Amino acid sequence: MISSDPRELFDPGTLRKFEAAGLLARRMARGRDRASRRSHARGASAEFAEHRPMVQGDDPRLIDWNAFARWRQLVLRLTVAEEDLHIHFLLDCSRSMAAGNPPKFDQARRVLAGLAYLALAGLDRASFCALGGGRDALAPVRGRDHFHEFLAVLASCALAEGNPGLEDGVRTWLARKPRRGVAVMVGDFLGNDPGDALRAFSRLRQAGFETAALQVLDPAELECPPRGEYEFEDCESGKVARVALDAAAARAYQTAVDTWRDGLLRDAAANGGPFMRIGPADDLAGVLAEAAEWR
Amino acid sequence: MAVNLLAPIMAWWGLLAIPVILLYLAGRRPRRVVVSAVMFWAGMRGAMRAEGGWWRVRRWVSLFLQLLVLACLVGALLDPVLPGGGGGTVFVLDGSASMRTGDPSRFERARAALAGELLRSRGSPAAVIFAGDAPRILTGWTTVADPGVLDGLEPSRVSRDPSEALALAGALAGERRARVVLFTDRVWDGRAPAEWPPGIAIRDFGGKSGGGGISHFSARRSPVVPEEVWIRAEALGGNGTMEILRDGVVVDARPAPGGYDAYFHEPGSARFEARFTPSGGDDLAADNSHTIAVAPPGRVEAVVVGEADPFLDAALGAVPGVDVVRVGAGTPLRFGDATKLWIFQGSRPPPDFQYKGLVLVNPDGDGFWGKRIGEMNDPVVTDADEADPVLHGSGFARIALGAASLFEPAAGARVYASSAGRPLIFGDWSRTPRWVVFAFDPAAGDMVNRAAYPVVIGNLVDAMREGREIQDSGATAALARNEPVAVDAAGGDGGPAPAGLWWILAALAAALLVVEWALFQKGATE
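Residue numbers (the working numbering), protein chains in the order written: chain A, 1302 to 1596; chain B, 651 to 1176.
Honestly, the hints are just simulated from the structure, not real lab data.
Note that this is a predicted model, so its numbers are computed, not measured.
It is possible that some hints are incorrect.
[Unchecked claim] Here are the in silico distance ranges between beta carbons for each label pair:
id: 1; chain 1: B; residue 1: Phe714; chain 2: A; residue 2: Glu1524; range: 30 to 36 Å
id: 2; chain 1: A; residue 1: Thr1556; chain 2: B; residue 2: Phe714; range: 56 to 62 Å
id: 3; chain 1: A; residue 1: Asn1572; chain 2: B; residue 2: Val1165; range: 33 to 39 Å
id: 4; chain 1: A; residue 1: Asp1563; chain 2: B; residue 2: Val684; range: 47 to 53 Å
id: 5; chain 1: B; residue 1: Pro658; chain 2: A; residue 2: Thr1556; range: 52 to 58 Å
id: 6; chain 1: A; residue 1: Gln1555; chain 2: B; residue 2: Arg772; range: 43 to 49 Å
id: 7; chain 1: A; residue 1: Glu1320; chain 2: B; residue 2: Val683; range: 39 to 45 Å
id: 8; chain 1: B; residue 1: Val684; chain 2: A; residue 2: Glu1594; range: 54 to 60 Å
id: 9; chain 1: B; residue 1: Val684; chain 2: A; residue 2: Ser1305; range: 21 to 27 Å
id: 10; chain 1: A; residue 1: Ser1503; chain 2: B; residue 2: Phe714; range: 49 to 55 Å
id: 11; chain 1: A; residue 1: Glu1532; chain 2: B; residue 2: Gly790; range: 27 to 33 Å
id: 12; chain 1: A; residue 1: Asn1572; chain 2: B; residue 2: Val683; range: 34 to 40 Å
id: 13; chain 1: B; residue 1: Val1165; chain 2: A; residue 2: Glu1524; range: 30 to 36 Å
From the three backbone atoms N, C-alpha and C, an ideal C-beta is built for every residue, glycine too.
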């Protein structure tokens, strides 16, 4: 049964895990710069970015005279400007998230809350959107003071009505023109077809976002049932597939599942985005510790 | 081609099809399972999706195969056989008295031989009939005949011929074109061989035997003089002496072979015996003695209803063993007495009257005997059946009657005498309760003055008397003669045993099971 009580969903034990993960993240971040994402906007800082030939109208103060001495050509010395990282947390609210014991939806919300805590503790801007969930959203906020808002909106999140696909959900969110940054999608990625999740990630990348994925799956929900004749009903769309499950059908099903799962991994690896797969009962601290390395 | 079933009762196993079908129908509905996503199933090719023409049929293929396996197994249990040159063997064991001859007796030798045949015939259909006092089927068609069914059998003590048993065997054999084998000594009272079923094979356990025996012994009381007993005896076969004993005492002896006829005065009961003593050896002692117990002559109680009639009184008084009671015509009679002879003179008994014998002399009306429809003046006796016991020896045809009533006799009544087709004496005196109507008054003519009157009265009374039947001891001629009767043995040994089909069906069932298992492994069936 999906919980909507924040005290039950985010009990004191869970909150302690968030803090521990945040400490871990800070320790890991000491060797790196704060506000870790670089912007390609050119600004006044000491960090060299590149040289560019001077053209009429450029600021003469940016002329690199050392380069002139070498190349006998007037060139400008450009540097990197630092800015805030926007992390957008997208939660899959399809009805398939109710599966599992405990429900995947609860685990997904806890993990998402933990990731949001990490982001807010790292002074990144964090926003939230429930894909397919209608109006469940949180505008970008910064600082741990806003963490309780995350908890509240996550606790009140409900599963979507109807059969919203991931791609459609992402398209709807992109239509709101969110600030570019990192899109962290949390869900089971079970859509209307095996390519639904891949298309969703592709849309995000095409829109200029970097993607990270955390897949929550109950191992039992994808197990092949015993041999026999079945009417499998999709819990989201209501579609029914009548299958005479024999050895060949069981093999074909397993192949399809493995192909889909491998496809997601390959897509993430090909595009440089982190991908993690967890179960509904996996230890939250371990998940967050691993996720902290993403930074 | 007709197929015979040796165990048709096994067809009841076919009812197992009902639970097979019910379980199949109960389990064949696909399970409805709600899943997180059907996208993996939806992507399967059609052959794995339970849709389309083949999958609708596939569900029934499995049921059909299962029912076919069951049908083959039930068919095998039915033990079908194809008719061949012969359809098995019906064994008949002769149980007549002559089979007691010898030591070991013919019957014991025949039984041992038949037991061996039954063991050898296992696997082929066989049936066994015992031709004893009454033909008896010891075992019906079976391929595992048990020789134990022959245990405890004993031959009869009287001569029997196996014609009834052979007729039964013929009927059994005719179902499957089987052969009949008779284990016999071929000694019995003969019917003509042509009356027996053809194609009987004989296992002969007879042979020459020494000695003779009593071939006939009968006794009866004289119908005229009840105190006299007629004895008739005959001894045939070997030489010896035939003795007649009365109450254990030899009263006469004659050399055998030969016959004997004699009268004995015996007013009471007596036990007569005919005994044969061979002068040499005797293989069959069972036919050497026969006994008849003769009962005392029966008395007849007669009740005469009517006015005093000296002629009738005289006639009844002349018949020995009759007790007469006279009742006045006006005496109210209601139920009668089924042990007595009732004689109504000029009157009629009331309805539902009980009698053993009823004589109506010129009754004055209708009744169960018929309708009185008129008068006859001076009738002349034109027909009289003096061969019938009622008028035997009476000379009734010469009687002048004077006057008579005209009756229309009841249906089934016999007319013993008539005048130009008009019944004068009619009734049914051949069986109890007996009744007869005299449509005339004997005193109106000259019958009472003639011997016909007491003779007819005596005939009527004698028919009522107990102990007048011939008593026969059952001895027969063939026992002592030992003459075998020719039997048509053209049937020979019959043809080869028919082909059993049970193993074919069992193998087919096993093959179908293998096929279904293979299809199930491939997912073609459920």
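Hint by hint, here is what the structure shows:
{"no.": "1", "hint": "B:Phe714 - A:Glu1524: 30 to 36 Å", "verdict": "holds, 33 Å"}
{"no.": "2", "hint": "A:Thr1556 - B:Phe714: 56 to 62 Å", "verdict": "violated, 33 Å"}
{"no.": "3", "hint": "A:Asn1572 - B:Val1165: 33 to 39 Å", "verdict": "violated, 53 Å"}
{"no.": "4", "hint": "A:Asp1563 - B:Val684: 47 to 53 Å", "verdict": "violated, 26 Å"}
{"no.": "5", "hint": "B:Pro658 - A:Thr1556: 52 to 58 Å", "verdict": "holds, 56 Å"}
{"no.": "6", "hint": "A:Gln1555 - B:Arg772: 43 to 49 Å", "verdict": "violated, 58 Å"}
{"no.": "7", "hint": "A:Glu1320 - B:Val683: 39 to 45 Å", "verdict": "holds, 42 Å"}
{"no.": "8", "hint": "B:Val684 - A:Glu1594: 54 to 60 Å", "verdict": "violated, 37 Å"}
{"no.": "9", "hint": "B:Val684 - A:Ser1305: 21 to 27 Å", "verdict": "holds, 22 Å"}
{"no.": "10", "hint": "A:Ser1503 - B:Phe714: 49 to 55 Å", "verdict": "holds, 52 Å"}
{"no.": "11", "hint": "A:Glu1532 - B:Gly790: 27 to 33 Å", "verdict": "violated, 55 Å"}
{"no.": "12", "hint": "A:Asn1572 - B:Val683: 34 to 40 Å", "verdict": "holds, 35 Å"}
{"no.": "13", "hint": "B:Val1165 - A:Glu1524: 30 to 36 Å", "verdict": "holds, 32 Å"}
Hint compliance for this structure: hints 2, 3, 4, 6, 8 and 11 are not met, and every other hint is.
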